[in-house]
Amino acid sequence: MTEDKDPYLAKWLNNDLTPQALEQFEKSEEFDDYDKIVKGLEYFEAPSFNEEASLMETLQKLQQPQKKGKIIRLKPFIYAISAAASILIIMGLFFNKVTHTADQGTQLALILPDDSRVDLNAGSSITYHRFFWSGNRVVTLDGEGLFSVKTGENFIVATDSGTIEVLGTVFNVKSRTSVFEVTCYEGKVRVGTNSDEQKIIQKGEAVSLKNGSLYKTQVSESEPLWKKGESLFISTPLKEVLDELERQYNITFNRIAINENKLFSGGFLHNNLDIALESVLVPMNLEYIVNGTNVKLSDK
Amino acid sequence: MRTPPKSVCEQPVFNELFKTHARTIRNHIYYKCGDPDQAEDIMQEAFIRLWNNCKKVILEKARAFLYKVSTNLFLNQVEHQKVRLAYNKLSHRDRNHESPDFILEEKEFMIKLQNAIADLTEAQREVFLLNRIDKKTYNEIAEMLGISVKAVEKRMHNALKKLRKIIKNI
Chain Z
-4 MTEDKDPYLA
6 KWLNNDLTPQ
16 ALEQFEKSEE
26 FDDYDKIVKG
36 LEYFEAPSFN
46 EEASLMETLQ
56 KLQQPQKKGK
66 IIRLKPFIYA
76 ISAAASILII
86 MGLFFNKVTH
96 TADQGTQLAL
106 ILPDDSRVDL
116 NAGSSITYHR
126 FFWSGNRVVT
136 LDGEGLFSVK
146 TGENFIVATD
156 SGTIEVLGTV
166 FNVKSRTSVF
176 EVTCYEGKVR
186 VGTNSDEQKI
196 IQKGEAVSLK
206 NGSLYKTQVS
216 ESEPLWKKGE
226 SLFISTPLKE
236 VLDELERQYN
246 ITFNRIAINE
256 NKLFSGGFLH
266 NNLDIALESV
276 LVPMNLEYIV
286 NGTNVKLSDK
Chain C
-11 MRTPPKSVCE
-1 QPVFNELFKT
9 HARTIRNHIY
19 YKCGDPDQAE
29 DIMQEAFIRL
39 WNNCKKVILE
49 KARAFLYKVS
59 TNLFLNQVEH
69 QKVRLAYNKL
79 SHRDRNHESP
89 DFILEEKEFM
99 IKLQNAIADL
109 TEAQREVFLL
119 NRIDKKTYNE
129 IAEMLGISVK
139 AVEKRMHNAL
149 KKLRKIIKNI
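So the protein lines, in turn, are chains Z and C.
Under the numbering used here, the residue at position 88 of the first sequence is numbered 83, and the numbers go up by one with no gaps.
Under the numbering used here, the residue at position 109 of the second sequence is numbered 97, and the numbers go up by one with no gaps.
Don't read these hints as lab results, they were simulated from the structure.
Remember, predicted model here, so these are calculated numbers, not experimental data.
Warning: the hint list may mix true and false statements.
What the hints assert, rightly or not - Once the Cα atoms are required to be at most 25 angstroms apart in a straight line, the calculated PhoX-like pairs of lysine-lysine come out as:
| id | chain 1 | residue 1 | chain 2 | residue 2 |
| --- | --- | --- | --- | --- |
| 1 | Z | K34 | C | K123 |
| 2 | Z | K6 | C | K43 |
| 3 | C | K95 | Z | K6 |
| 4 | Z | K31 | C | K44 |
| 5 | C | K49 | Z | K31 |
| 6 | C | K156 | Z | K6 |
| 7 | C | K123 | Z | K56 |
| 8 | C | K124 | Z | K6 |
| 9 | C | K142 | Z | K34 |
| 10 | C | K123 | Z | K31 |
| 11 | Z | K222 | Z | K211 |
| 12 | Z | K34 | C | K43 |
| 13 | C | K142 | Z | K56 |
| 14 | Z | K34 | C | K44 |
| 15 | C | K123 | Z | K6 |
| 16 | Z | K6 | C | K44 |
| 17 | C | K43 | Z | K22 |
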């Protein structure tokens, strides 16, 4: 028999030999050698192996981070975001603006980057560029503020109603919803409206915007009354007076039952709410009920 | 009523696989490299890879995956080293009744056998020992190694023949 086609030893080991083939094989001279080898093999063992311990070890290895060098993938998406963020930050440095706000019932004194001084009245805010200040002295004002400008390049106060251009001076700008008023206490300022009307005012002069044009008036004070803790009104609609009261004292009027268009002449102090309410509301013949920060108004 | 197929990702299933196959795989690698520690490392690494790929390997394929991975790991590791095999010394179970002469003769024979096994080719040795020591059937071995049953039989036949030749010094 040829061994390639009939691996009889394998069949013998597997008890697969036919009885005749087995008998023939057992008679052969090699049989004893093979038998001895196979019996001797029974005394061999693989090294001892503890399944439980090995499993525990494997599970422990699973807990640990892989020893192999971790593949750190390039993250193009994240890099793109980083690049975009960097550009935004740089853009932000150029166009970054600072806003200061004096809340209702407070006033705020600020020094601008060029050492110009701004006093903000209650309920007002200014905004200016954080960088490149010296070549671009533009301040956006919403509300009322007293400016003491250091001499230098053009200094511009921009408001909703118009712009004020100066060359070092002290002036007050009042830019409320329906009021635009500039008072000059020192130097010279040029006031321009959105309709391109311009007026230059000097120390002791003031302009106010009425019906779309500027009217010049004289002032005798050396600083605005709000700086002394007073508000003064001459033939002013009651609405504006109440707005100012709300700003100075951080209160809210319930105005449903009254006529806000009546004109008011007079003033109030900023340091005592009761007196302030009395000095405005009593002459106007109004009754009021104070409830916390809410004040309800009604005609007498 | 169909129960969802068991996933290798479930810890009890994984543990069961380990208990069923760990010893065979460890021994198989040991028959190739002769270093029990290295064999166990490779076997454990194969199971770790099975766990890390548990979502991709269905339970029915887990055994084949383990055999394949452990063999590949072995090939990667021992590319540069040849290991001289050393097998367990003769164990003396129920041998006490034999005469001292016989024991000496037996001992010599066992050493010869041990050396002969070491001289088998790797392909012969892994098949032969998986069958003789781990009692794996030819079918199981064929599946493990990815070869035909006929090839297994041929290796068995040639292995035994070679052992006799070496021992007899033919």
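* Are C/K142 and Z/K34 close enough, with their CA atoms no more than 25 angstroms apart? -> Within the cut-off at roughly 20 angstroms; holds.
Given the hint that Z/K34 pairs with C/K43, test it: the Cα-Cα distance must not exceed 25 angstroms. 45 angstroms, violated
Q) Hey, C/K123 versus Z/K6, does the alpha-carbon distance stay inside 25 angstroms? A) 15 angstroms, holds
Take the C-alpha atoms of C/K156 and Z/K6, compute the straight-line distance between them, and say whether it is at most 25 angstroms.
Given pair C/K156, Z/K6 holds - Cα atoms ~22 angstroms apart, limit 25 angstroms.
With a cut-off of 25 angstroms on the C-alpha distance, tell me whether Z/K222 and Z/K211 pass. 22 angstroms, holds
Exercise. Under the criterion that the straight-line Cα-Cα distance not exceed 25 angstroms, is the pair Z/K34, C/K123 satisfied?
Worked result: 14 angstroms, holds
* To do: Starting from C/K43, check that the Cα of Z/K22 is at most 25 angstroms away, please.
  => 57 angstroms, violated
- Message: Hinted pair, alpha-carbon criterion (25 angstroms max): C/K95, Z/K6. Please report holds or violated.
- Response: Distance ~28 angstroms between C/K95 and Z/K6 Cα, so the pair is violated.
Q) Given the hint that Z/K34 pairs with C/K44, does the C-alpha gap stay at or below 25 angstroms? A) 44 angstroms, violated
Just to be careful, I want the Cα atoms of C/K49 and Z/K31 compared with a cutoff of 25 angstroms; is the pair within it?
Status violated; Cα separation ~39 angstroms.
Open item on the list: Next pair to validate is Z/K31 with C/K44; report whether the Cα-Cα distance is within 25 angstroms.
Closed with: 47 angstroms, violated
25 angstroms limit on alpha-carbon distance, applied to hinted pair C/K123 and Z/K31: 18 angstroms, holds
Hint violations for this structure: numbers 2, 3, 4, 5, 7, 12, 13, 14, 16, 17, all remaining hints satisfied.
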